[in-house]
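Enquirer: Residues per chain are reported as follows:
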Amino acid sequence: MRTPSQILLEAENVSRSYGPETILANVSLQIRAGEVTTVVGPSGSGKTTLLALLALLLEPSSGQIRVAGRDAGKLSDAERSHLRNTFYGFIFQTAQLVGSLSVLDNVLLPALLAGKAREKRTAARELLDRLGLSTRADFLPHQLSLGQKRRVALARALLLRPAVILADEPTNDLDLRRAAQVADFLLGLPADGYALVLVTHDQQLAERAGNRWHIQEGRLTPPSRGAAVPPPPAEHFVLQTSTNETP
Amino acid sequence: MIKLIANSLLRRRWQSLATLLGVALGAGLLLAVFLLYHGFEQGLERGRQKLGADLLVVPGNATVDPDRALFAGSPLNVYMDKKYADEARKIPGVRRVEAQFFTQSLKLECCSVGVESRLIGIEDKVTQRLAGMSANGREKLEPDEVIVGSELLGEMNRPGSMIELLGNIFRLAYRLEPTGTALDYAILMPIDSARDLAANSDALKPVWQDAGDPHQLISALLVEVDDPSRLKEIGRKLEDLGPLKVIRAADTFQRLKRLMNAFVFVLAAAGALTAIGGVVYLLGHFSSVAWDRKGEWALYRALGATKPRMVQLVVGEAVVLALAGAVIGLPLGYGLYRLAFARLSAQNSFPFVAPGGVLLAAGAAGALLLYAFIGFLSAAGPALRVAQLEPALTMAQGDID
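Chains as they are written, first to last, in our numbering: chain R, 785 to 1031; chain V, 707 to 1107.
Calculated from the structure, these hints are not laboratory results. Careful: at least some of the hints might be erroneous.
[To be verified] For lysine to aspartate or glutamate, the following EDC-like pairs were computed, each having C-alpha atoms within a straight-line distance of at most 20 angstroms: (1) Lys1013/V <-> Asp998/V; (2) Lys831/V <-> Asp898/V; (3) Lys938/V <-> Asp957/V; (4) Lys831/V <-> Glu857/V; (5) Lys1000/V <-> Asp861/R; (6) Lys943/V <-> Glu930/V; (7) Lys709/V <-> Glu903/R; (8) Lys904/R <-> Asp922/R; (9) Lys789/V <-> Asp850/V; (10) Lys858/R <-> Glu843/R; (11) Lys709/V <-> Asp922/R; (12) Lys788/V <-> Asp902/V; (13) Lys1013/V <-> Glu843/R; (14) Lys943/V <-> Asp830/V; (15) Lys789/V <-> Asp890/V; (16) Lys789/V <-> Asp957/V; (17) Lys1013/V <-> Glu991/R; (18) Lys788/V <-> Asp916/V; (19) Lys1013/V <-> Glu863/R; (20) Lys796/V <-> Asp933/V; (21) Lys858/R <-> Asp898/V.
Based on the sequences and whatever the hints tell you, model everything.
Expert: What follows is the structure, encoded as structure tokens:
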């Protein structure tokens, strides 16, 4: 188990350029266990690129990213893949479910890729249950509503109990009620020891999350003052969703 | 991984089905070509073994198709004086001379197959040679014993069975292995027994009476020489003995072999084109898959699939498809082969031996391995491209369902 405030992920003077264009410039950031880190900024400011760098989906043009104290630049592809599989949980802007797999198998996808789906089957069902999707386990993604898909993506991100949850605009395209449900669930995760990195332009979500970093034209500005994460009520872990919700 | 592969194939069932059918047709054709080729090859080899001679000598007035006479085992009711056998033996360079006497039954009186049957009178030396070609062969026949071709008599065709030929009872000594020729429908017996049958049959009298007493006649001579380079010379000497026709086995064998090779070349070309077509088709299919599903592959990379695992997924899908297609294609190919075999056997003009179980299994295993390799080959390139996909691609893409 990770100890609270333990540094899990660290970016030090990280820059990323595409040709002559600099997307991120000298970004430094620490991600700690049990904390939320919120990054806000307008579209095209470099939020998603920062998330991709922290997630080892991209390599920085300069600077260093350390994962649990290890220099990510010195890791092999297999080690980076292993970390993406076990250390990170991803919530992308869109749910990114695989259309040919059932809801249950989509949740199990990280385990399927790691060859340990069998042992994670119960955990996957429990997560679906917690997220109010137990009756949808055998559905295909096209049979789900947008909110349901987003919750399946949440379950997939949590399946292997990663250290860091990276959420890219998790409430995008959701109506207010469903956005609030997803936010409640996400903001409850740090209490369980997860580090949550939240990239959003949803001001309401950012205010609730606190610890807001601003990004503008590739430059990251730390919060002016520390903002405590509001402790989530226990019931936030169960989304009260009608099972006959239509897609 | 197997789950992901199976899911992917089952969910895209029409696409998978089309690919399966393409592979099945290719694999089936290959198997049929393989079996036909080996059937021809074995038939030709058996024909050569059965002949066991370099030259076939028949009466000069006989209308002989060398292919049928030599390799298809088709006997002729033609006769010449048996003195030619003794004279042939005296020619320098001749190692062995065997005489044969051809006649026929009107039909098998008991256990009849309903058709006239060829009776071939053979000398003891021929009996010895044939014995070596059959699992239960015997080197000597009693006067009332016969050897029966593999396709005659059905269930009754087993050693010890009694059959009636032109009013005489004979005991079946053993049956011949299949040769794919008219010999499969022939009955062989000691040469003097065949002569007796012909002499005592009023029905057959018109066939031999112009030539004289059957006991003084033979139908053909099989001649083996010491030095194959002297075949032409010895052939000329044999023709000088009288009105005889000499057929050189080597020439006929080579001509038949060339004919067979040409035939097999056409079949093999069809098979090869099908296999190449399979590679091109699968390559196109998996290149398209690599492009169409790059969102899915990028997601897998983002969620922790290693590059080797990505290659396994893409190649695995291709190999499973190719193998499944080949498995479906094998019975199709066997059916096609059986059809061709039935047509060829009906003609009885070309030596063809049905390949045994081992060869059939080898052909099936070969087709499976070949198509597994084709699947691998066609997916390897796309798989490597998939493995190189930037996992960050998944951050920029829309929903992939």
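Enquirer: Hints the structure violates: just list their numbers, smallest first.
Expert: 4, 9, 14, 15, 16, 17, 21
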